[in-house]
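Please take these sequences and the hints and turn them into a complete structure.
Listed below, chain by chain, are the residues.
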Amino acid sequence: MSNATDNGSLSLVLVGGSSGSFAIFEEMLRLVRNPISFALIFVLHRGKSSTAVLPQLFKNKTNVAMSEPYHLDPIEENSIYFAYPDYHLLIGPDKRFHYDCSDKDFFSRPSIDATFISAAVSGIPVKAAMLFSGSSADGAFGMKALAEKGFPTYVQNPAEAESPRMPEQALLAYEKHRVMVDGNLFSIINDILQ
Amino acid sequence: MVLIEYAELEILIVRIREISGFDFSGYARPSLLRRASRYLTTHKMDFPQLLVHIEQGGSVVYGLIQELTVNYSEMFRDADFFMKAKSEVFTYLESYPTLRFWVAGCATGEEAYSMAIFLKEAGFLGRSLIYATDLSKKALTAAREGVFTLGNVRTYSENYLAAGGKHSLSDYYHVAYNKAVMLPELRRNIVFSMHDLTGDGVFNEFQFISCRNVMIYFTLELRQKVFRLLYDSLSMLGFLCLGKRETLRYSGLEENFKVIDSTLNIYQKIR
Numbered sequence: 001m002s003n004a005t006d007n008g009s010l011s012l013v014l015v016g017g018s019s020g021s022f023a024i025f026e027e028m029l030r031l032v033r034n035p036i037s038f039a040l041i042f043v044l045h046r047g048k049s050s051t052a053v054l055p056q057l058f059k060n061k062t063n064v065a066m067s068e069p070y071h072l073d074p075i076e077e078n079s080i081y082f083a084y085p086d087y088h089l090l091i092g093p094d095k096r097f098h099y100d101c102s103d104k105d106f107f108s109r110p111s112i113d114a115t116f117i118s119a120a121v122s123g124i125p126v127k128a129a130m131l132f133s134g135s136s137a138d139g140a141f142g143m144k145a146l147a148e149k150g151f152p153t154y155v156q157n158p159a160e161a162e163s164p165r166m167p168e169q170a171l172l173a174y175e176k177h178r179v180m181v182d183g184n185l186f187s188i189i190n191d192i193l194q
Numbered sequence: 001m002v003l004i005e006y007a008e009l010e011i012l013i014v015r016i017r018e019i020s021g022f023d024f025s026g027y028a029r030p031s032l033l034r035r036a037s038r039y040l041t042t043h044k045m046d047f048p049q050l051l052v053h054i055e056q057g058g059s060v061v062y063g064l065i066q067e068l069t070v071n072y073s074e075m076f077r078d079a080d081f082f083m084k085a086k087s088e089v090f091t092y093l094e095s096y097p098t099l100r101f102w103v104a105g106c107a108t109g110e111e112a113y114s115m116a117i118f119l120k121e122a123g124f125l126g127r128s129l130i131y132a133t134d135l136s137k138k139a140l141t142a143a144r145e146g147v148f149t150l151g152n153v154r155t156y157s158e159n160y161l162a163a164g165g166k167h168s169l170s171d172y173y174h175v176a177y178n179k180a181v182m183l184p185e186l187r188r189n190i191v192f193s194m195h196d197l198t199g200d201g202v203f204n205e206f207q208f209i210s211c212r213n214v215m216i217y218f219t220l221e222l223r224q225k226v227f228r229l230l231y232d233s234l235s236m237l238g239f240l241c242l243g244k245r246e247t248l249r250y251s252g253l254e255e256n257f258k259v260i261d262s263t264l265n266i267y268q269k270i271r
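Top to bottom, those sequences are chains G and B. full-length UniProt numbering puts the first residue of the first sequence at 1, with every later residue one more than the last. full-length UniProt numbering puts the first residue of the second sequence at 1, with every later residue one more than the last.
Just so you know, not all the hints are guaranteed correct.
What the hints assert, rightly or not - Label-pair restraints from in silico Cβ distances:
(1) B:Q56 / G:P125: 38 to 44 Å
(2) G:G47 / B:E5: 43 to 49 Å
(3) G:D191 / B:E5: 28 to 34 Å
(4) G:S135 / B:E88: 37 to 43 Å
(5) B:G58 / G:A52: 44 to 50 Å
(6) B:S95 / G:S135: 48 to 54 Å
(7) B:E18 / G:A52: 43 to 49 Å
(8) G:G123 / B:S87: 32 to 38 Å
(9) B:E121 / G:A159: 52 to 58 Å
Just so you know, these hints were derived from the structure itself, not from any lab. Values in this document were obtained by computation on a predicted structure and should not be read as measured data. Using N, Cα and C, we set each Cβ at its ideal position, and we do this for glycine too.
Below, the structure is given as structure tokens:
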């Protein structure tokens, strides 16, 4: 497959979370100022019947273009993307989004692992991957895969997460993730997003 | 979880072709990679072990191909799609004396039975034929049996009502040995048969084709070829339905269709 864009400099910032992460995502979007030099991709667990259109919900938070991408849409810098309910969102080596309808991971579709693992093997540089509050072990393997490829990985301090299990499991799977504590959470996020 | 790389996936694709003749080269790599990784994880093996494992050929390779191609499906998946199909498409098709529907990539039959139920409620199942095709023999065998677990059927019942079903889904199946068995009268108008969208050609002309969440498994190039097949299989003014995250974009056939619903991806052939 040919490359979707000539955008040789494309890099990704990946964000995963589940219950207890929504407010952090909202706050994070406030910190995003046009233009950003990367594609910012959010995977938030949501039910298949979730009708909330996140780009619409968040439209007053940032002036960067947001979308729930379609299959084969090129991944572009200075864009924010959200995983769509009931599909796994995969990052292709062709710098396009790919969807997959296979089984759920940890009862979730979209799963964080699916997106993060696909990014880890895509050959596209990952500027940072972050994992926040959630009540399943989804994301732990994907975070480990990204860290082992040498990409910077950050997890929320489990003790401060509304649902500690997700960051906890990520740290159990790989102990060298950088831990973001409440005191510096948004300043770290802000640094990553610049 | 076991992680494999794209270079390994290419080796696997070649070995599967050499051993079984099945060609994955036109399949989109990202989802194939995910499925292959999942296969390794559930079978507790690493990539070199997998290569040795498939040397056995026969049912081992066949099983692997099944797992790499199997599609998740449910009855009345996307209630809003079924509602729209009823209100916009079925009302249009009502006046036709005979109707042919094609569920392309039907997996284990959930969508074909859903169609049959709504056609029955619309009053024209009797003059309709639903062709439901898949490349998996195993999936088709299950589809013909029309047996679903009660746990899944609970979800299907909710979907059915959300999609505007007129009765109760339980009117369309009976329970035996803790499973739901779809009524034989629904099956009477469904033809389940083997068809490979990537290799087989046009076999009939249809007023309605549903090919939802199938295109996402093909590469851009193969996808164009499959779109052509669907286009050629549609009668003029026939309808084409794609999955929620799929579009006609990059198909090369955008000009030949009118958009009926851009969110639910329902299109009508106009030239």
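Each hint, compared with the structure:
{"no.": "1", "hint": "B:Q56 / G:P125: 38 to 44 Å", "verdict": "holds, 40 Å"}
{"no.": "2", "hint": "G:G47 / B:E5: 43 to 49 Å", "verdict": "violated, 33 Å"}
{"no.": "3", "hint": "G:D191 / B:E5: 28 to 34 Å", "verdict": "holds, 31 Å"}
{"no.": "4", "hint": "G:S135 / B:E88: 37 to 43 Å", "verdict": "holds, 40 Å"}
{"no.": "5", "hint": "B:G58 / G:A52: 44 to 50 Å", "verdict": "holds, 48 Å"}
{"no.": "6", "hint": "B:S95 / G:S135: 48 to 54 Å", "verdict": "holds, 52 Å"}
{"no.": "7", "hint": "B:E18 / G:A52: 43 to 49 Å", "verdict": "holds, 48 Å"}
{"no.": "8", "hint": "G:G123 / B:S87: 32 to 38 Å", "verdict": "violated, 45 Å"}
{"no.": "9", "hint": "B:E121 / G:A159: 52 to 58 Å", "verdict": "holds, 54 Å"}
The earlier numbered hints that this structure contradicts are 2 and 8.
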